[in-house]
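A.B. asks: Keeping the supplied structure of chain H fixed, place chain D upon it in accordance with the hints.
There are 2 protein chains.
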Amino acid sequence: MIKVYGMTASGNCYKVRMILELLHKKYEWREIDVAGGGTRSAEFLAMNPAGQVPVLEITPGRYLTESNAILFYLAEDSPLWPQSRYERAHVLSWMFFEQYSHEPYIAVARSVQRFLPPQHPRRAELPTLVEKGHKALQLMENHLQDNAYFTGLNFSIADIALYAYTHCAGEGGFDLVPYPALRQWLQRIEAKPGYVPMTAK
Amino acid sequence: MIKVYGMTASGNCYKVRMILELLHKKYEWREIDVAGGGTRSAEFLAMNPAGQVPVLEITPGRYLTESNAILFYLAEDSPLWPQSRYERAHVLSWMFFEQYSHEPYIAVARSVQRFLPPQHPRRAELPTLVEKGHKALQLMENHLQDNAYFTGLNFSIADIALYAYTHCAGEGGFDLVPYPALRQWLQRIEAKPGYVPMTAK
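These protein sequences, in sequence, are chains H and D. All letters in the first sequence, in the order written, are residues 1 to 201 by the working numbering. All letters in the second sequence, in the order written, are residues 202 to 402 by the working numbering.
Looking at chain H on its own, in the form it has when it is part of the complex:
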């Protein structure tokens, strides 16, 4: 059976749980204590030399890393990966946007707010993180004003990738009220059969 090595509070790990539940696949979840050094052990680094969660274990000893590459692997034979080459490329375009222009601001702001003490010097980064995060949210809003999902009419792994840290952006200090189309998109995803919230174990 597929195993996921992940941390429940991580949006990147939640992406993997979310697709497995949506596709009704069986899997085993191994919780990794990242704050306690769980990604720094020799055993973990043998699975992923980059020392990051999530890691997918496909069969014993056969690993895959990077949350969005894991989404691709799990989706490729499902309706979550489009039929047309142009749409497939657009799915990946939004997924690279997520990792380059969204996660480094929206997820990092949440991480700073949630996990660092009140006087931590990294809190000085918050205004910049929030400003750049809002740019990403506005681009998403503009797209969703004319499209139900990131590839148009069909739900795909681009939506899962972007949902993970967008739906909990409030924890990083982002107010989603100015983004009505984006909030409707969040609701469309939360209504899907098999949807699980991030805190589910």
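In silico lysine-lysine, DSS-like type, Cα no more than 30 Å apart, as pairs:
hint : chain 1 : residue 1 : chain 2 : residue 2
1    : H       : K3        : H       : K192
2    : D       : K393      : D       : K227
3    : D       : K204      : H       : K135
4    : D       : K336      : H       : K135
5    : H       : K132      : D       : K336
6    : H       : K135      : H       : K192
Some chain D residues judged to face chain H by a derived CB distance under 10 Å, without partners named:
hint : residue
7    : A251
8    : R263
9    : T266
10   : S268
11   : F273
12   : Y274
13   : R286
14   : Y287
15   : R289
16   : V292
17   : S294
18   : W295
19   : M296
20   : S302
21   : L340
22   : H344
Derived from the structure by calculation, the hints contain no laboratory data. All residues carry an ideal CB built from backbone N, CA and C; glycine is no exception.
C.D. replies: Just chain D now, kept in the frame of chain H:
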């Protein structure tokens, strides 16, 4: 004919030129003056609301953004995209690594060194950028000690994505001498038929 809107000095744009040359595809290159506001014009933002190069124009009015998604689109029916699903996922895993853990340090250090004046405050970021960039280079070196390319025996778009900013890392202050397997990998790519250097117009 395919059009590329790009900036020659950008590694992300060079990826697109490189694959088009390696696959012997015809294309038209439109140089964008990024420093002069070329990505901020209404005309450009209509092609890519994120205001970034490169942009691929597949047919008139049909655009694709994000360099690594463009690589996927151009490679999907070529030997640069593997036959096996597991290898395809690994290609994407390295490409997401490139955008999240490599480009933000190695390309940004180069950009600060090359394009900002000597007293610019962002130069204070350089020690951190260089430290994190070396982590990415060491992960690549470790992988390449046992593998000719990032997916093992076969050259793929993961190699093109990682080559773009690695081969010019010296311009960002990175010494590549401690990475012999990586330097051999650079040479293997530079020996390919159709290879063009970054400065080619």
